[in-house]
Amino acid sequence: MLQDEYLLGVDKPARYIGGEVNSIVKPSGAVAVRMALAFPDVYEVGMSHLGSHILYHVVNRIPHFACERAFYPWPDAAEQLRRTGQPLTSLESDRPLSAFEVIGFTLQYELTYTTILAMLELGGVTLRSVQRRPEEPLVLGGGPGAANPEPLAEFFEAFALGDGEEVLPEILETVAASAWRSCRTGENRERLLRELSRLEGVYVPGLYRPEETAEGLLCPTPVDAEVPATVRRRVLQDLDEAPYPTAPVVPWLEAVHDRAQLEIARGCTRGCRFCAAGMLYRPVRERSVETLRQQARETIARTGFDQISLVSLNCPDYSRIEELLDGLHQDLAEEAVAISLASLRTDTFSVSLAERLRRVRKTGLTFAPEAASERLRRVINKGVSEEDLLTAVKAATASGWRRVKLYFMLGLPCEEDEDVLAIARLVERLRQEARGKRGLEMSVSVSALVPKPHTPFQWFSGVSLGELRRRQTLLRQAMPTKGVRLSLHDPEMGLAERLLARGDRRLGQVLASVYRKGGVLEAWTEHFSLTRWEEACCEVGLDLHAEVVREWRPEQRLPWDHLDWGVSKEFLQREWERAATGEVTPDCREGGCQDCGLARLSVQCSQEVPRQPQTPGQENQVLKEEASA
Amino acid sequence: MLSLPPGRRPCAIIEFAKVGRMKYLSHLDLARAMDRAVRRAKLPVAYSEGFHPHAQISFGPPLPLGVEGLRELCCLDLARLAPPAEMTRALSRQLPAGLDLVSLAITDRGRRSPLADLEAAGWEIELAESGEVLRSAVESLLAAEELAVTRQTKSKIAAVNIRPGLRELALHQEDKTLLVAELSLRPETLVKPEEILQLLAERAGVESLTVRRQVRTYLR
Numbered sequence: 001m002l003q004d005e006y007l008l009g010v011d012k013p014a015r016y017i018g019g020e021v022n023s024i025v026k027p028s029g030a031v032a033v034r035m036a037l038a039f040p041d042v043y044e045v046g047m048s049h050l051g052s053h054i055l056y057h058v059v060n061r062i063p064h065f066a067c068e069r070a071f072y073p074w075p076d077a078a079e080q081l082r083r084t085g086q087p088l089t090s091l092e093s094d095r096p097l098s099a100f101e102v103i104g105f106t107l108q109y110e111l112t113y114t115t116i117l118a119m120l121e122l123g124g125v126t127l128r129s130v131q132r133r134p135e136e137p138l139v140l141g142g143g144p145g146a147a148n149p150e151p152l153a154e155f156f157e158a159f160a161l162g163d164g165e166e167v168l169p170e171i172l173e174t175v176a177a178s179a180w181r182s183c184r185t186g187e188n189r190e191r192l193l194r195e196l197s198r199l200e201g202v203y204v205p206g207l208y209r210p211e212e213t214a215e216g217l218l219c220p221t222p223v224d225a226e227v228p229a230t231v232r233r234r235v236l237q238d239l240d241e242a243p244y245p246t247a248p249v250v251p252w253l254e255a256v257h258d259r260a261q262l263e264i265a266r267g268c269t270r271g272c273r274f275c276a277a278g279m280l281y282r283p284v285r286e287r288s289v290e291t292l293r294q295q296a297r298e299t300i301a302r303t304g305f306d307q308i309s310l311v312s313l314n315c316p317d318y319s320r321i322e323e324l325l326d327g328l329h330q331d332l333a334e335e336a337v338a339i340s341l342a343s344l345r346t347d348t349f350s351v352s353l354a355e356r357l358r359r360v361r362k363t364g365l366t367f368a369p370e371a372a373s374e375r376l377r378r379v380i381n382k383g384v385s386e387e388d389l390l391t392a393v394k395a396a397t398a399s400g401w402r403r404v405k406l407y408f409m410l411g412l413p414c415e416e417d418e419d420v421l422a423i424a425r426l427v428e429r430l431r432q433e434a435r436g437k438r439g440l441e442m443s444v445s446v447s448a449l450v451p452k453p454h455t456p457f458q459w460f461s462g463v464s465l466g467e468l469r470r471r472q473t474l475l476r477q478a479m480p481t482k483g484v485r486l487s488l489h490d491p492e493m494g495l496a497e498r499l500l501a502r503g504d505r506r507l508g509q510v511l512a513s514v515y516r517k518g519g520v521l522e523a524w525t526e527h528f529s530l531t532r533w534e535e536a537c538c539e540v541g542l543d544l545h546a547e548v549v550r551e552w553r554p555e556q557r558l559p560w561d562h563l564d565w566g567v568s569k570e571f572l573q574r575e576w577e578r579a580a581t582g583e584v585t586p587d588c589r590e591g592g593c594q595d596c597g598l599a600r601l602s603v604q605c606s607q608e609v610p611r612q613p614q615t616p617g618q619e620n621q622v623l624k625e626e627a628s629a
Numbered sequence: 001m002l003s004l005p006p007g008r009r010p011c012a013i014i015e016f017a018k019v020g021r022m023k024y025l026s027h028l029d030l031a032r033a034m035d036r037a038v039r040r041a042k043l044p045v046a047y048s049e050g051f052h053p054h055a056q057i058s059f060g061p062p063l064p065l066g067v068e069g070l071r072e073l074c075c076l077d078l079a080r081l082a083p084p085a086e087m088t089r090a091l092s093r094q095l096p097a098g099l100d101l102v103s104l105a106i107t108d109r110g111r112r113s114p115l116a117d118l119e120a121a122g123w124e125i126e127l128a129e130s131g132e133v134l135r136s137a138v139e140s141l142l143a144a145e146e147l148a149v150t151r152q153t154k155s156k157i158a159a160v161n162i163r164p165g166l167r168e169l170a171l172h173q174e175d176k177t178l179l180v181a182e183l184s185l186r187p188e189t190l191v192k193p194e195e196i197l198q199l200l201a202e203r204a205g206v207e208s209l210t211v212r213r214q215v216r217t218y219l220r
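As given, the protein sequences belong to chains A and B, one line each in that order. The numbering of the first sequence is our numbering, which starts it at 1 and goes up by one. The numbering of the second sequence is our numbering, which starts it at 1 and goes up by one.
Since the hints were derived computationally from the structure, they do not count as laboratory data. What you are looking at is a predicted structure, and each value in this text was computed from that prediction instead of being measured. Every residue, glycine too, gets a C-beta built ideally from N, C-alpha and C. Honestly, I wouldn't trust all of these hints.
Said to hold, decoys possible - Listed next, the stretches of chain A that the computed footprint assigns to chain B, with coverage defined by at least 3 CB atoms under 8 Å from CB atoms of chain B:
hint, region
1, 6-14
2, 19-33
3, 45-56
4, 245-254
5, 327-340
This is chain A alone, in the form it adopts within the complex:
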């Protein structure tokens, strides 16, 4: 990384020094395959990402593999590297990215994609995979972005679909056993890529040829019969048995989530129609209370964190949540370790849970009704009544919470002005009726819908930038100002997200061009510029603004049709039709099998996971604890 004389000249130099508690440096001799786990954002963001901690552990626990971390430097340090001609290196062994056998990028968010290109180039790796020399690293990607990795296809050798715990070691074993590892010829590299494509859950984009459809979209087709026509996502069956990092690297700097994290469950079957996580991570799998208590004790003992956060898509959906909380309190109280919950749903916000939560840090609660009118909530399959939300906020203020955050979305299908105004009315009603004895601070965060692949809304054409702005203005004018902080997400950033989420291979050139124009760390508002995206689109003959409102028809072929994430296209289409008529689809753990298609993957379905009895009348709502500042 940077030499001493440069480190003093950059902001927060501790980002670049490595050597943290629990970081793992393996000597060269013992290692067959060395992988750089690359997070396309800065240290504090990447070090908060639980998935990266899991993969770091999963790889490093295997003696003959080494996994090292790499992050993108803040622009001041990136500039120093470029100016002095030094490459981007890993924190563990200070190797340039180009000296690894494998570079694995996590694909968490579309606006980090240009940063991936910046990391490759700064790491000394050729940008496009077809131009890479045979000895250069294999570039892999995984995470939710692999639901549709087509915009990134030309920069990657392979994508891993689904849970990484098993497939990543399999990929590395294949690399270790390949002729390419010791003899880096083009032929050996080709052969290795063929072998990788035979692993379940591995998509090698170079073995698929883009075919142009009647709608002008590029849809990949296998180059020959040996290449699988569809790639099926990997599903980890037994979460309880899966390796878990109880000695995660402890960051030097305050990370965005600066605490121990305990993943209690994976997956959600509530079926919100906009939600990618709810579709991509099925079925619901839980760890046992015994395992979790053991993991919590170990993690605290080996990190020294003073706070542990329970993580899952909906914490109270965990079948033994009260027993778990009691056990953790018992185990950790003496060491003054605070317990927090990453997400809570109000329908399980029972009196006894509220009692237990009295003892956790009350940094603020987040409710995510997403839409304010009952009608629109049925469209997105978040059937919840206003009364329930009111009850939940009242319960929270009565239990001592004074700050409540509300999440809403604009630009939903079937949304009318009436629905936009309903947000302001709902906020005003909560403010009036649920303020509690000590007052209530409300912050209202309103984002714009990004229709995601493999969700029922993947066919939603979307709302134009002008129309979004109009709805935002409508909302801003109607929103009460007293005691309410309104934050509206940048609709321009949303536009680029929408372009990439459902993009095809034509966007590879767009990404490269945006990067050439200086687009990097674009997830940071101050580094984003829509003009760069508009120009880059123009260069390849695309109109960005037309592209994000294009028509998608259920019968047409989609650029991600060859990737099978478990939920079937038929199910998604059924859900899309039910959205239009406002029909609610129940959670399969309550309402029986909804035939989502997951059973085809021969996995144990969520239905078999027992749930706590529900209080009738209380419906879907999400209540999350805000990340403590």
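Once you have looked at the hints, place chain B on chain A.
Only chain B this time, still in chain A's reference frame:
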């Protein structure tokens, strides 16, 4: 085993080095790293009262970013007594490389923090410059009755005489140029190393001096 009068609170005075790449840790990062090491070592630390208890650890004056320290100080309030040798062993094992335990001693906590009354800090500053001009600049500082520097507070710029707080100053010029100083830490006579460097630069007739390495060698 150490014994304290009844009703008195014990604390551990920890001397530690902050060297090598650890000089890039800010004071806040250092406090967090120490807190976590103390927790991992399971030292019998006292926690604050209240709803969100935290370990009671206090530090000596913060080191500026990029400056190393050989004998930095922190004070750990203890909930109960434990053998210092055991605590030393446990904490040494948990401190990251570059944050190295020098000593650990148990004392009576008293009302005021034992770190509240520090007198002075020792400094070693390696300079890129050398030569006779620098030597006479040092001599001229030592000979002066009064050394005026300007300090900016929130509202005003004031001239301050820092001569009373300049306790020792020496220049060693062998294979490298080393400025050795002891500067006051008391609020009324506080002197900052950069103020000495600025005065030296003025007397040597240069814009500024180039610091190659800066080490705080002790606090007392």
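Hints, one by one, checked against the model:
1. 6-14: As far as the region 6-14 of chain A goes, the hint holds, because 5 residues have Cβ atoms under 8 Å from chain B.
2. 19-33: holds (count 3)
3. 45-56: Result for this restraint: violated, n = 0.
4. 245-254: holds (count 4)
5. 327-340: holds (count 3)
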